[in-house]
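Enquirer: Listed here are the chains, written in short residue letters.
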Amino acid sequence: MNHPDPDTLVALALDTPPEGEREALLRHVRRCAACRALYRGYLEALGRLQEPLPVPPAWEEELRQRLAPLPPASRKGPESLPSPHRRWLLWAALGVILLGFLGVGGHRHYQDALAWRRFVALASEPGARMLPLVDPTGRQTGWALRTAQREVLLYLQAPPPPGRVYQAWLILPEGRRSLGVSPGKLLEVSTPLSEESWVGVSVEPPGGSPAPTTPSVGRVRI
Amino acid sequence: MMGGEEDVVLIRRVSRGDEEALLALYRRHAPYVHALARRILRDGDEAKSIVQDTFLRIWQKSERFDPSLGSPRTWILTIAHRLALKALRRRREELPLEDWDAPTEGVGDDEHLDRIRIGRALQALDGDERRLLELAYFHGYSHSELALLLGWPLGTVKSRLRRALERMRTHLQ
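So the sequences go chain by chain: V and S. Going by this note's numbering, the residue at position 74 of the first sequence is 74; the numbering climbs one at a time, nothing skipped. Numbers given in this note's numbering equal positions in the second sequence, counted from 1, plus 1000.
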């Protein structure tokens, strides 16, 4: 693995690299603990360059008023109010989405939406811990969540391919132990896991497999 | 870091459209955003816009918060820093380098207040390092731009900047 030199991490913390380079560096930092620690340290130091400066009380009310017209589900700035032409396109796009939703994939979309809602609700509880799921190339493919009650949930960004399921695995030195399957994006692990357990996810035929038959689409140390 | 954990919960609530959670984040962090924006832009009205836009951005993009990359405060300041530097570049303001050292502002005016509020962590640095860090962070100059501005070799700029940040990190621990 090629690590960026510390000067490049300094530049990243100062936000000076061009956008493409910045994204690539952040991808590396997300998967490299050593670089992440350095980068975080620099950010923390930069965040302490200023002492707080009180904010006039009226600003909060102004902010509240600017939030009011923004519906949480489709948060767009006031500058992006659609022109009549764009509005027509929006309606057309909405129609297509609705047709898609009501079609074959409708039920799955609905299930995914419910799963995400449940995941976010649990993630917002005190003591919950979110960790990125990453594939072997280091790309983030989802999230793992450990709740204060030690429940573990895995949420993949994309659903499994048609006719396949996701299967979660406990990664042990002696092999892989199945932690369950899911036809959707959310995998709930019912087996209690000890701290620092490695968990992976693979794509398998319906019902799952006795051992992974495809490369990991995401793994994480819980 | 109880505050950090509470902030993470607040950000999760913001991602579900909870206005009160956003306002709670605002009350905690707006003074830091304000200080940063004021320092970069040296203009009260523009600083106000940055404060508002930062929290509107959080409202719209809270799902992008990645706790592995830093605390909620550093994430919020990263957004504010980026917005303020964009505004600064738009304004195409070119502050002469010597402005950073020349104590021309009168005691008690806004400029003076801005200066004395600079974090005490900077006291760990010598004059050159401090000036370098201020130019990099508050003006957004890249390594190569700093080398041109200061007439230093690029390697010297990089090593001094890194040393300055390392020293601040140590000082803060």
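In case anyone wonders, no lab produced these hints; they're calculated from the structure. Here the structure is a predicted model, which is why all the values come from computation and not from measurement. Quick reminder that beta carbons are idealized off the backbone N, C-alpha and C, glycines included. Just so you know, not all the hints are guaranteed correct.
Listed next, the in silico SDA-like pairs over lysine to any residue satisfying Cα-Cα at most 20 Å (straight line) [what the hints assert, rightly or not]:
| # | chain 1 | residue 1 | chain 2 | residue 2 |
| --- | --- | --- | --- | --- |
| 1 | S | 1086 | S | 1139 |
| 2 | S | 1086 | V | 22 |
| 3 | S | 1061 | V | 143 |
Residues from chain V that keep clear of chain S, each with C-beta distances beyond 12 Å, as calculated [stated by the list, open to error]:
| # | residue |
| --- | --- |
| 4 | 41 |
| 5 | 126 |
| 6 | 189 |
| 7 | 211 |
Enquirer: Quick check: which numbered hints come out false for this structure?
Expert: Going through the list in order, the structure violates hints 4 and 5 and respects the others.
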